[in-house]
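Undergrad: Chain A is fixed; fit chains B and C onto it per the hints.
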Amino acid sequence: MSHLLKLLTGPEDIGRSRWFWAAFVAVCVFLFVYPFWLSEFEATNNAYYLLNVPIALGLALLWGYCGILSFGQVAYFGVAGYVYGIVSGNMIGNAAGPIVGSLCGLAVCALTAAIFGYFVFYGRVQNWIVPILTLVLTLLLETFLGQTAGYQWRVGTVQLGGYNGMTGIPAFQVGQLVVTGYSFYYYVLIIVVVGYLSLRVLVNSQYGKVMLAIREDPIRTELLGYDIRARQLVVFVIAAVFAGISGLLYVQWGNYITPSQVGLLQASLPVIWVAVGGRESLLAVLLSTCALNWLNYTLSSEGYQYALIIIGVLLVTVMLFFPDGIIVTLARELPKRGWRALVGLHKGKAG
Amino acid sequence: MTDQPRQDRQFGVEPKPESFEASGTSATDRRKALKLMGAAGAGALAPGFGATYLRGFEYTRSVQAQGSSPVKVGFIEDESGNLSVYGIQKLHAAQLAVKEINEGKTLKGGPDIGAGGLGTLGNVAKKPPTISKEGVALDVVDAGGDKSTTEVVFDEDADVFIDSGDKGILGREVNLLSVDGQSNNALWQQLARRLIQQDKVDVLVAGFASAEREAIRPIVDQFKQLYFYTNQYEGGVADANTFCTGPVCEQQVIPVVQYMVEKFGPRGYTLAADYNFGQLTAAWTKAFAPLVGGQIIAEEFVPLSVSEFSQVIARVQQAKPDWVMTLLVGQNQQNYYPQAAAAGLKFPMASTVNMAQGYEHKRFKPPSLANMHNAIQYQLEVPTARNRAFVKRWMTMFPEDPYIGEMAQNTYFTIHLYAKAARLAGTTDQATLKKALELGWSIEAPEGSVFLEPGTHHCAHYIRLAVCDENHNVKFVRDWPSIQAWWLQRLGVNLIRHPEYKQYTPDEDPYFKMFLKKS
Amino acid sequence: MDSFATIVSILYQFATNGAFLLLSALGLIVILGMMNIINLAHGELMMMGAYTASIAWHRGVPFWLCAILAFLVVALFGALLERTIVRRFYGRELGALVVTWGISLILSQGALTVFGPFLPAIPIPGGSIALGQYSFSVYWLTVIALACVLIAGLWALYNYTTFGLQARAAMQNPAMARALGVDTGRVYMLTFSLGAGLAGFSGALFAPTVSIAPFMGQQFVAPAFITVVVGGATNVIIGALGSSLLLSLIKTPIGFVFGAFVGTVALLLAALVIIRLMPDGVSAVLQRLIDRRNRFA
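Chains as they are written, first to last, in the numbering used here: chain A, 1 to 351; chain B, 1 to 519; chain C, 1 to 297.
The following block holds chain A by itself, in its conformation from the complex (with noise of 0.2 Å):
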């Protein structure tokens, strides 16, 4: 027990001291408190904040810990999706539905990862042409969702509907509690929470620290005996599984998913979420995913149309002047020079 506690403060991750962990312990209580304050509407808005995390906390794992950008982690989020609605919108009035498809789906999600993994890893392809590789494995499986809009296009019971998109897909439930509202919210909160912690103890254990090698030699530490082709595989795998993780909690909150969940400007959100809070930090990422979110919905409700090009100076900004991520850069610098920190930040250790 104390070696998992061992773990869980560990070094690579922000936040070691004892009011660190107050501070978090207090605001899990707050989160799971506040809701009574909050109209249905505004607990499951926030349910689709927290929903991106894991998306994201697998895509800082696999690039800010093992250092490869992967640029189509989207596409196990509509996997996992599309497939737990074939599942489980073939098992309606089965209360075991849900689980069934949330398994397969993540199941499929693996496996599309593995084999995807293998011939990238196993092939020993160059660490900058993945993200394009990955990008292309998306625009092939939007391209070929796109087109099945004719009714033959269904397995089962359920048709895969093309553009339209899949509708009415269950939602998730436990037993005969279906999980919507503010249920939904406390379902998705305690995975997030479970996910970063787990993920956390990862990167601080043995095969977290291999994994910290690769990223920064991956010829030393294959040196050192260590086969890291199969270690890569694993972190992708493991990448695309929070990623559909992220897929399903989407699917179970708004029913309805379409190929354009795969698409380009989706594929660039996660690399927009972790490159701004920090990619080497699952704090960071965590943050700023829910802050990024929360600024790109409430832009866009207020009427905004200059919402996509505020987001695109914060990237500009941030990768000017907080290389390494805004968090994580504030979490370095802070305790070293307090305010002035934020002072001439750009001329700081190069990222």
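Careful, some of the hints might be misleading.
[Claimed, not checked] Below, computed lysine to aspartate or glutamate pairings styled on EDC-like, alpha-carbon distance capped at 20 Å:
1) B:Lys365 <-> B:Glu300
2) B:Lys320 <-> B:Glu299
3) B:Lys72 <-> B:Glu103
4) B:Lys200 <-> A:Glu216
5) B:Lys263 <-> B:Asp469
6) B:Lys224 <-> A:Glu40
7) B:Lys200 <-> A:Glu42
8) B:Lys320 <-> C:Asp2
9) B:Lys346 <-> C:Asp2
Keep in mind the hints are simulated off the structure, nothing from the lab.
TA: This is chains B and C only, laid out in the frame that chain A set:
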């Protein structure tokens, strides 16, 4: 029947039993009394009702304002992102309609008048023959005047834009709550939830692409929100909460194919966008061409991302059809027209989407769209006096706009229709209003008379065949004053008796394959 | 006559597909291939070129001059971009990826806000030539020829001029190049600006065939990246030429027989397979063949 503003006597009919009460909302006395709308919707028209309708206008003036809370019209469209070309037009249409309603204007129209309504062109002879009956023989007493001339009963009625007798709706100002969906489906869902759950809009008007409509329809159904979808689409939506006021396949595909077969020959080649709308419209074309003597010799489905068409053009040239059905959608696919023209492709083209939505004939240089035929329900160039008046009103408010497309016009008359239904019902309660709309409504839109059919929640439209020549000028060579949206009727959809919440596809219609020629 | 016309048509399609890939990739060959900057704003640079061409054309400038103007304008913009933003990302490929994505968002949304949803189109110059039941666009034939000329010119620039020598030196070993008196900063700026200008030029060339809208760049991004990546880094110019020919060779017959959808899928799958089989790209394979031949010559 009294003139008192006591609401429970408003229409002189005894309140009907509980079964028609709006579900889930806390019923006020006023609302309980309006269960009569359910009664009317179920066909039990009370004798005093007709008279009350005619008095409805003066009645609403004397109705006390329901507090001063504004009527909220929720509106989601893509104002940025790829579909903004269409979204901005629809937003302007909504803004124009809301402004006119608030200024006390409306379009002519009413319930239960039947397809055609007040403004239908009729024929009359100046000097008709006089017939008298002698036993069973009908004798012509006076042969009348020249048999070849007829006159029109209503001269094209430019004056369909009249006073509503009301300021806003029932004395309440109309507020347009419009948000930008950014062509992003997840955002659409969030915004729909916000408008419905948080802002509690009285009516939702949203959606350009079918994907957007399908993204928010589950939310609409979950909260029983009154929802208008004002776009042309592939047809088949049977949803008790949704009213589709745009044209559907049977109103456009069959007329244009019939024209092309008559004029150019039976062999058609379909080029369609590779997604739902393209595939379903192409299926319609293929299934029903044989009924008008034509045949689709080949189909090609082009992915939405393709923008370079030399291979597609070569395949068309190889097939040598008489005419080409182009169902191409989206920015990338529009490039087909200039490229085909540059490659010297001279086949006449037919479509149900071009010109009227994305105004390609204005955006592309001649002769890219030469010989393009479209059975349109509305486009800017419709040559009637009422349309010219409408365009003038629009350009006064939005002088910079490059075009007014069909979905913009649909949005415009839909919001006016909503206002009329609310005035008749005397409330903005959504359940009551759905029943009011299910009376069947006729409204004098800029395109002509539009009729909202009770059971299918779709509209019968005025269809014209537009032809674009090599200078990109438009002329209308044929018209069909009213084509019903008959497909859902054939499927047996009656949302009043059997509420449903789905979208039908052609595979669920056994007639679809019946006349398909085996090629 | 009929089958002859069909063969000519297939050749024409092959050349058009290849030219499309090559022109899409032209600017990226320089920026990605030589400077290793993953430029996700590539599509938007092409869009800028198309916009410049459209605006100039509608003021009466003849088309060939519009294209050159597009080159100059976008090259200038590229120089500006390089000076202010891009130079901080040399060696940081993934950072460059993210920042250029941000720039592309700003440019495309900015174009929408400033210019509206589309610009008026440019008519395709030239007519068509008929052969049998097929007809071919004169403009596309010209564009195909131009693509060959451009790639040859680029090759000549990098292999037979002083600038090319300096540029290659600066890419290979900046410290050594500086020691030998090459102003690497200026070389980088000029190279990036050349890449941007070429992208703008391509955009202007494509402008008559596409609708000129803020998001028109996106249709070129995937083909461009695929072409450059499949080409490989060993010799970027030859690689890109080779890969566009190879990919077009795969796409053309499949697309002709089965249609555009299968053609697109075939292209993407082919790219995946080629990268797997030849991770260093087509140019590496070609280089090995040339070396082997030289060894045994």
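Undergrad: Confirm or reject each hint.
TA: Cross-check of the supplied hints:
1. Proximity of Lys365 of chain B to Glu300 of chain B is assessed by CA-CA distance (about 25 Å); at most 20 Å being required, the pair is judged violated.
2. For the given pair, Lys320 of chain B sits about 13 Å from Glu299 of chain B by alpha-carbon distance, which is consistent with the 20 Å threshold.
3. Between Lys72 of chain B and Glu103 of chain B the alpha-carbon distance is near 16 Å, which keeps this suggested pair within the 20 Å criterion.
4. With a C-alpha separation of about 54 Å, the suggested pair Lys200 of chain B and Glu216 of chain A falls outside the 20 Å cut-off, and the hint is violated.
5. Restraint check: the Cα-Cα separation between Lys263 of chain B and Asp469 of chain B comes to about 15 Å, which is no more than 20 Å; the hinted pair holds.
6. A threshold of 20 Å between alpha carbons decides the hint, and for Lys224 of chain B with Glu40 of chain A the separation of about 16 Å falls inside it, so the pair holds.
7. With a CA separation close to 13 Å, the supplied pair Lys200 of chain B and Glu42 of chain A stays within the 20 Å bound.
8. Straight-line distance between C-alpha atoms of Lys320 of chain B and Asp2 of chain C comes to about 13 Å, which keeps the hinted pair within the 20 Å bound.
9. A threshold of 20 Å between alpha carbons decides the hint, and for Lys346 of chain B with Asp2 of chain C the separation of about 19 Å falls inside it, so the pair holds.
Checked against the numbered hints above, the structure breaks hints 1 and 4 and satisfies the rest.
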